[in-house]
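> Sequence:
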Amino acid sequence: MLLLKADNITKRFKLFDTFLKSSKEYIYALNNISLSLKKGVCLGIVGESGSGKTTLARILADIIKPDKGEVRYKGLPISDKKIYREYRRNVQMIFQDPYSSLNPRLTIHSSFSDILKEHITKDKTKITEIISNTIKKVGLEEDHIHRYPHQFSGGQRQRISIARALILDPEIIIADEPISALDVSLAAQILNLLKILKNEGKTIILIAHDLAVVKFICDEIIVLKKGELVEQGTNFEIFNNPKSQYTKNLINASLMKEERVAFSS
1 MLLLKADNIT KRFKLFDTFL KSSKEYIYAL NNISLSLKKG VCLGIVGESG
51 SGKTTLARIL ADIIKPDKGE VRYKGLPISD KKIYREYRRN VQMIFQDPYS
101 SLNPRLTIHS SFSDILKEHI TKDKTKITEI ISNTIKKVGL EEDHIHRYPH
151 QFSGGQRQRI SIARALILDP EIIIADEPIS ALDVSLAAQI LNLLKILKNE
201 GKTIILIAHD LAVVKFICDE IIVLKKGELV EQGTNFEIFN NPKSQYTKNL
251 INASLMKEER VAFSS
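Going by UniProt numbering, the first residue of the sequence shown is number 1, and it counts up by one from there.
Treat the hints as calculated values from the structure; they're not laboratory data.
Any given hint could turn out to be false.
[Stated by the list, open to error] Here are the simulated PhoX-like pairs of lysine-lysine, each with C-alpha atoms no more than 25 angstroms apart in a straight line:
id : residue 1 : residue 2
1  : K137      : K39
2  : K124      : K137
3  : K68       : K5
4  : K225      : K5
5  : K82       : K215
6  : K225      : K65
7  : K225      : K38
8  : K215      : K195
9  : K126      : K202
10 : K215      : K248
11 : K202      : K5
12 : K202      : K117
13 : K136      : K122
14 : K68       : K137
[Unchecked claim] Now the in silico label distances, taken between C-beta atoms and shown as ranges:
id : residue 1 : residue 2 : range
15 : D114      : I27       : 33 to 41 angstroms
16 : K243      : D169      : 37 to 45 angstroms
17 : Y26       : T121      : 43 to 51 angstroms
18 : R147      : K68       : 18 to 26 angstroms
19 : D80       : N199      : 39 to 47 angstroms
20 : K65       : K195      : 14 to 22 angstroms
21 : E70       : D114      : 25 to 33 angstroms
Since this is a predicted model, take the numbers as computed values, not measurements.
Glycine residues also receive a C-beta, built at the ideal position from the N, C-alpha and C atoms.
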């Protein structure tokens, strides 16, 4: 059975004029997008800015609702009360900006405790044990759990964001451009961490505009352009036999970027 399936997902947003008045015109962020995901697979969703990647990620994470279409988890629509709570626990998102998922007024321990109390346990000793183990898993020190988000570097905050996604031991992790704000060295560390999670059996959806990133970690890839699904296939198929000129252009841009990085280093 498929772990996750999205059928004919459509999402549009109303346009506003220069005076922020609502118009009768809409723009389609996603138009009839379908995908499926098996357990343990890493799926890359790629495309330029405005392609609909983040909108699709937020729909899959049930942060926003589609106008049309349906997301199914283990064969059931996520709107089904029988599966909804399990889905919300087992699908967690890593945001591009880690600050968006961290409360600046709470220490990491306090923030993570609230999540665990709601879903796992209210036992304080067990909570501290889970938090400490998760923080160490992402390469941070145990005493970091008593710090506030502003006391960490950008790379550390992204690790904490990953720890937050892992704290409930979810089946699916959706990572929305998790390295776009990081330098090359930190980005490599985060990608290696995601690859470790994949090798441990986590199912991952990775949103990226850079195909070099998804080539490193993803098994399957879908390519979006202005809300339309342009192409989909395995890692090998996309990189060795792309069908769309748009996909070819993305690959060429990725190769040029790799050459520039290698030259500058």
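> So, for every hint listed, does it hold in this structure?
Hints and how they fare:
1. K137 / K39: 21 angstroms, holds
2. K124 / K137: Measuring from Cα to Cα gives roughly 20 angstroms; hence the hint holds.
3. K68 / K5: 14 angstroms, holds
4. K225 / K5: Measuring from Cα to Cα gives roughly 20 angstroms; hence the hint holds.
5. K82 / K215: Not satisfied, since the Cα-Cα distance of roughly 36 angstroms exceeds 25 angstroms.
6. K225 / K65: 20 angstroms, holds
7. K225 / K38: 24 angstroms, holds
8. K215 / K195: 12 angstroms, holds
9. K126 / K202: With a Cα-Cα distance of about 23 angstroms, the restraint between K126 and K202 holds, given a limit of 25 angstroms.
10. K215 / K248: 14 angstroms, holds
11. K202 / K5: 16 angstroms, holds
12. K202 / K117: 23 angstroms, holds
13. K136 / K122: Cα-Cα ~21 angstroms, so holds.
14. K68 / K137: 39 angstroms, violated
15. D114 / I27: 33 to 41 angstroms: Holds: the Cβ-Cβ distance is about 36 angstroms, inside 33 to 41 angstroms.
16. K243 / D169: 37 to 45 angstroms: With Cβ atoms ~38 angstroms apart, the hint holds.
17. Y26 / T121: 43 to 51 angstroms: 45 angstroms, holds
18. R147 / K68: 18 to 26 angstroms: 44 angstroms, violated
19. D80 / N199: 39 to 47 angstroms: The hinted range 39 to 47 angstroms is violated for D80 and N199, with Cβ atoms some 32 angstroms apart.
20. K65 / K195: 14 to 22 angstroms: This hint is violated: roughly 32 angstroms between Cβ atoms.
21. E70 / D114: 25 to 33 angstroms: At roughly 31 angstroms between Cβ atoms, D114 and E70 fall inside 25 to 33 angstroms, so the hint holds.
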